[in-house]
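Line order of the protein sequences matches chains A and B. Throughout the first sequence, residue numbering follows numbering that gives the first Met the number 0, covering 0 to 413 in sequence. Throughout the second sequence, residue numbering follows numbering that gives the first Met the number 0, covering 0 to 536 in sequence.
Bear in mind the hints are in silico, worked out from the structure with no lab data behind them. Warning: the hint list may mix true and false statements.
[Claimed, not checked] Okay, the calculated bits of chain B under chain A, using three or more residues with CB under 8 Å as the criterion:
| id | segment |
| --- | --- |
| 1 | 62-72 |
| 2 | 318-326 |
[Unchecked claim] Here are some, though not all, of the chain B residues that point toward chain A, as calculated from beta-carbon distances under 8 Å:
| id | residue |
| --- | --- |
| 3 | Thr204 |
| 4 | Pro360 |
| 5 | Val361 |
| 6 | Phe363 |
| 7 | Leu457 |
| 8 | Glu502 |
| 9 | Leu506 |
All values derive from a computational prediction rather than experimental measurement. Glycine is no exception: its CB is placed at the ideal position from the N, C-alpha and C atoms.
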Amino acid sequence: MKRIIPAFFIMILPLLLYGCWDRVEINDLALVVGDAHDQAELAGKTGIETTFQIANPAVMSAGDSSSLGAGAGGREGAGSFWTIRETGETIREAVSKMNYRIPKQIFLGHERVIIFGDKAARSGLTPFFDRLTRSRESRDTKFIAVSKGDPGKILEQESPIFQSTVLSLYNIFLTKDGWQGIMAVNMADFVYRLSTGVTSPLAPVVELVPQTSLTPKEKQAGNINTVAVTGLAAFDTDGRLVDYLNERESMGLLWVMNRAKNRVLTIPHFIGGMEELVSLNLVKAKSKISVSIGDDGLPFFEIKTHVNFDLLEQFGGRREIVDVGMISDFEKTAGSKVINEIEAAVKKSQQLNTDVFGLGEEVRRQHRREWPQYKEHWKEIYPLVNVTVECETHIRNRELSVGAPGSRTEGAGQ
Amino acid sequence: MLHFLRSINSKAKKGGPSGPRKIPPPRKFKEISSNLADNEAYLRQEFANISDIVFRRFYAGEVKFLAVWFDGLINNRVSQDIFRALMLDIPDKRLLEAPKEKRADFINLRLMPFYDTQKAIDLEEIKHWILASKMVLLVDGCPSGLMIDAENRPQRPISEPIVEPTVLGPHDGFVENIRVNTALIRSRLGDAMLKSEDYIIGRRTSTPVTLMYVADIANPGIIEEARRRISRIDIDGVLDSSYIKEMIQDRVFTVFPLIKGTERPDIVVADLLEGRFALVVDGSPQVLTAPSIFIEFLQATDDYYINPMVVWFIRSLRYLAIFIATNLVGLYVALITYHQEMIPIPLVFSIAGTREIVPFPVFFDALFLLIVFELLWESSIRLPRVVGAAINIVGALILGEAAVQSSLVSPTLVIVIAVTAVANFALGSGYDLALAVRIIRLAILAAGGILGFYGIALVSLFFLLHMAGLRSFGVPYFEPLAPLISKEMKDTIYRAPHWDFNERPALIAGKDTTRDNTPPPAPPANNSFFNARSKKR
Numbered sequence: 000m001k002r003i004i005p006a007f008f009i010m011i012l013p014l015l016l017y018g019c020w021d022r023v024e025i026n027d028l029a030l031v032v033g034d035a036h037d038q039a040e041l042a043g044k045t046g047i048e049t050t051f052q053i054a055n056p057a058v059m060s061a062g063d064s065s066s067l068g069a070g071a072g073g074r075e076g077a078g079s080f081w082t083i084r085e086t087g088e089t090i091r092e093a094v095s096k097m098n099y100r101i102p103k104q105i106f107l108g109h110e111r112v113i114i115f116g117d118k119a120a121r122s123g124l125t126p127f128f129d130r131l132t133r134s135r136e137s138r139d140t141k142f143i144a145v146s147k148g149d150p151g152k153i154l155e156q157e158s159p160i161f162q163s164t165v166l167s168l169y170n171i172f173l174t175k176d177g178w179q180g181i182m183a184v185n186m187a188d189f190v191y192r193l194s195t196g197v198t199s200p201l202a203p204v205v206e207l208v209p210q211t212s213l214t215p216k217e218k219q220a221g222n223i224n225t226v227a228v229t230g231l232a233a234f235d236t237d238g239r240l241v242d243y244l245n246e247r248e249s250m251g252l253l254w255v256m257n258r259a260k261n262r263v264l265t266i267p268h269f270i271g272g273m274e275e276l277v278s279l280n281l282v283k284a285k286s287k288i289s290v291s292i293g294d295d296g297l298p299f300f301e302i303k304t305h306v307n308f309d310l311l312e313q314f315g316g317r318r319e320i321v322d323v324g325m326i327s328d329f330e331k332t333a334g335s336k337v338i339n340e341i342e343a344a345v346k347k348s349q350q351l352n353t354d355v356f357g358l359g360e361e362v363r364r365q366h367r368r369e370w371p372q373y374k375e376h377w378k379e380i381y382p383l384v385n386v387t388v389e390c391e392t393h394i395r396n397r398e399l400s401v402g403a404p405g406s407r408t409e410g411a412g413q
Numbered sequence: 000m001l002h003f004l005r006s007i008n009s010k011a012k013k014g015g016p017s018g019p020r021k022i023p024p025p026r027k028f029k030e031i032s033s034n035l036a037d038n039e040a041y042l043r044q045e046f047a048n049i050s051d052i053v054f055r056r057f058y059a060g061e062v063k064f065l066a067v068w069f070d071g072l073i074n075n076r077v078s079q080d081i082f083r084a085l086m087l088d089i090p091d092k093r094l095l096e097a098p099k100e101k102r103a104d105f106i107n108l109r110l111m112p113f114y115d116t117q118k119a120i121d122l123e124e125i126k127h128w129i130l131a132s133k134m135v136l137l138v139d140g141c142p143s144g145l146m147i148d149a150e151n152r153p154q155r156p157i158s159e160p161i162v163e164p165t166v167l168g169p170h171d172g173f174v175e176n177i178r179v180n181t182a183l184i185r186s187r188l189g190d191a192m193l194k195s196e197d198y199i200i201g202r203r204t205s206t207p208v209t210l211m212y213v214a215d216i217a218n219p220g221i222i223e224e225a226r227r228r229i230s231r232i233d234i235d236g237v238l239d240s241s242y243i244k245e246m247i248q249d250r251v252f253t254v255f256p257l258i259k260g261t262e263r264p265d266i267v268v269a270d271l272l273e274g275r276f277a278l279v280v281d282g283s284p285q286v287l288t289a290p291s292i293f294i295e296f297l298q299a300t301d302d303y304y305i306n307p308m309v310v311w312f313i314r315s316l317r318y319l320a321i322f323i324a325t326n327l328v329g330l331y332v333a334l335i336t337y338h339q340e341m342i343p344i345p346l347v348f349s350i351a352g353t354r355e356i357v358p359f360p361v362f363f364d365a366l367f368l369l370i371v372f373e374l375l376w377e378s379s380i381r382l383p384r385v386v387g388a389a390i391n392i393v394g395a396l397i398l399g400e401a402a403v404q405s406s407l408v409s410p411t412l413v414i415v416i417a418v419t420a421v422a423n424f425a426l427g428s429g430y431d432l433a434l435a436v437r438i439i440r441l442a443i444l445a446a447g448g449i450l451g452f453y454g455i456a457l458v459s460l461f462f463l464l465h466m467a468g469l470r471s472f473g474v475p476y477f478e479p480l481a482p483l484i485s486k487e488m489k490d491t492i493y494r495a496p497h498w499d500f501n502e503r504p505a506l507i508a509g510k511d512t513t514r515d516n517t518p519p520p521a522p523p524a525n526n527s528f529f530n531a532r533s534k535k536r
């Protein structure tokens, strides 16, 4: 009995923390899949404007299961997703005001993407992350994005292909991370970079872009936009947005950060005075940054990138690719293109004074003893450091054909 | 609560007679009289008011005889043979010439061409034989009687086991007759070391019970303990082996089966060879084997007859099945009411969507459907076969389809309950375990509905601790997993090929622990025997 009574109490005590009174039926939850935050003017003060995208599962399940769901509870004409906007001095306050209009309990456990407006990003995102990291329901794996315009508009836009723009974005981040210039950044990444005080956080930029082709129905509904990821935004170490990187700079960044996974690189090739275009596809890329301390006391960096390509397309090609010299020509051109991209990214980041590559971190790792003296002045040092870039490229495979149809081996036929 | 259970437990342990009791209980002794009329009078008095008893008086030559038996329990042809032998074939002079007191012996040794006869000098014993469905013959002038085994009790033929059917392997099952059952065992295990001890249990039913074990394999301590527990039994009637099971198991308050009952002679023989003992009870097709361990109930006979490469998969399916059967409903309810963030997003939409118009909380929905399933289970056992089809239609169509259409339950929940129901019967040969799983499932559902995953963890922990503490005739219930005996892992989630079962379970078998010395199959690498033959051609 001496042992049973304490054991019994140990089992009973957690019931106070957790139990029946915390139970909520899943259908009583307003499942928030994405939210957008921006700065807003509130009677002379600056405040917060928050937009939520809330799922309406009853409508979704009613669509295809007429016999089973029995029409579910959704109203005729209600959309699968509902957006709601509210302002307040803090995020929590804005959310609490939403409760006047949301008939269910707000649940943030399924947030997938958070979009910040340009204004909020430029004034600093640090205050916004307090709610996101403090909340028990909130997950670290949700994706962060920045919108150049009103972020609420992105949530309000109907997605032409997916259930909602947020889920469309979520899927892009999930499946296209490292493709071309797309980099998915989740909350944990972002907050970690913020916490280092040296490395600059990054976030992908999302925008509404006009659809390139419209069905009559979409034209009639005026539904002419779709959401797209259009590059990266660089922040300073206090979480303030400094500037946007363009596509080329974003691509350069991905090479160095070892995040590039899928990339089509098109290079020109001159043969007999005529230009033909060759598209290469990334198979594997690996970069290494080595740091050494120069004579002037500043660290300098050597970035060595090793890239393997497949040959995907030879547009307007008239010669079969049987010649090793030709392939090494391609490799050389591709290598210089990669170097260009990396250098552009480095240049931009030094201009903006945002250490997006984590070069400071590299110094800390490789020159632990010297790092403390740089750490304090890293902001002044970073724009001055020297970075050299080398790239080794290989083309391994040219898929099924040796040359484009109609192409000739050199000399044959002529 | 715990205290309450404990007090009941200790009471149960203390109960019953203090010392071993003689079986059958001591009877009075009444000598057979030389006067046949006296004997008849005594028997008629003892069997007064019994209409289905037959007293047949007849003469063989000049000697008066009395045959007594219960109508319907005796093979008519055999009894006719007896009468023919005595009444028609002899007026044997030697019978008359033999001394009167030796007449019974004379008939026994010379005139009864039947395989089992026995002489008795006690009228009480005669009475007992009559009750044990034997025929009894009394001779005038002789102070002893004869028992003739012409027993022909109504009985079912040997057939495919009903509870444990199998695809491969033997298809005969035990029946209700103890002699047939022991014969099924003995015919498979022709070893003089297979011992059998008879007990008569039941003050009124006088049910024969046979304890069987292989003397040089079984642990003598366990056998002695089995004898002790059987001899403690003092009950008026034993109608099935489960009576015995409840009276000799180690722990009273547990839902888990501690002694295995099986209809299959091959399982019993396998258990005997592992050092277990078997209890054959007359009138029950379920033969008990013990000590039993938990994983036995997740094994099926087929496992030993099919390719061992496949067995690991089937066995892991069963382990999955017991997890699903116990936990799935509880986990579903806990997920829906407490841990919504753990459901993947497309699933959360579809579940939430279908639950939108369901008026009841998911816990009551789950409980409702589960009870409907249990009711269907119960009713399908009890129902007369003619009405069975009706219940099937009601169960399948009305309760499944209509419950969803009327939005009383969500379709996802119907699938969850259906999977649970299917898993409940995929547990191998243990119907006993399937019953235990019913209770555990309810407990886990309640815990999941009240406390979420924390509650499920708590209840699972409780059951695991409880099971780890169980013993069957002293053998830990979780053996060989806890205590871990790595050598015996050969028959847990996978089964080793038969040539690799080298040792018997150490905690169960007492003496001869070597099961098997077969080397692994090793055909010659170059197939020379084959080439030699083809060359000759």
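Taking the hints in turn, this is what the structure says about them:
A stretch counts as covered by a chain when three or more of its residues have a beta carbon under 8 Å from one of that chain; for the segment 62-72 of chain B and chain A the count is 0, and the coverage is violated. Requiring three or more residues with a Cβ within less than 8 Å of a Cβ of chain A, the coverage given for the segment 318-326 of chain B is violated, as only 0 such residues are present. For B:Thr204, the interface hint is violated, since its Cβ never comes within 8 Å of a Cβ in chain A; the closest pair sits about 43 Å apart. Proximity of B:Pro360 to chain A holds as hinted, the smallest CB-CB distance being about 6 Å (cut-off 8 Å).
Interface restraint check: B:Val361 against chain A, minimum CB-CB distance 6 Å, threshold 8 Å, status holds. Checking B:Phe363 against chain A: minimum C-beta separation of about 11 Å lies over 8 Å; hint violated. The interface hint given for B:Leu457 holds, since its Cβ lies 6 Å from the closest Cβ of chain A, which is under the 8 Å cut-off. The beta carbon of B:Glu502 comes no nearer than 38 Å to any beta carbon in chain A, farther than 8 Å, and the hint placing it at the interface is violated.
For the restraint placing B:Leu506 at the interface with chain A, the shortest Cβ-Cβ distance is roughly 28 Å, beyond the 8 Å limit, so the hint is violated.
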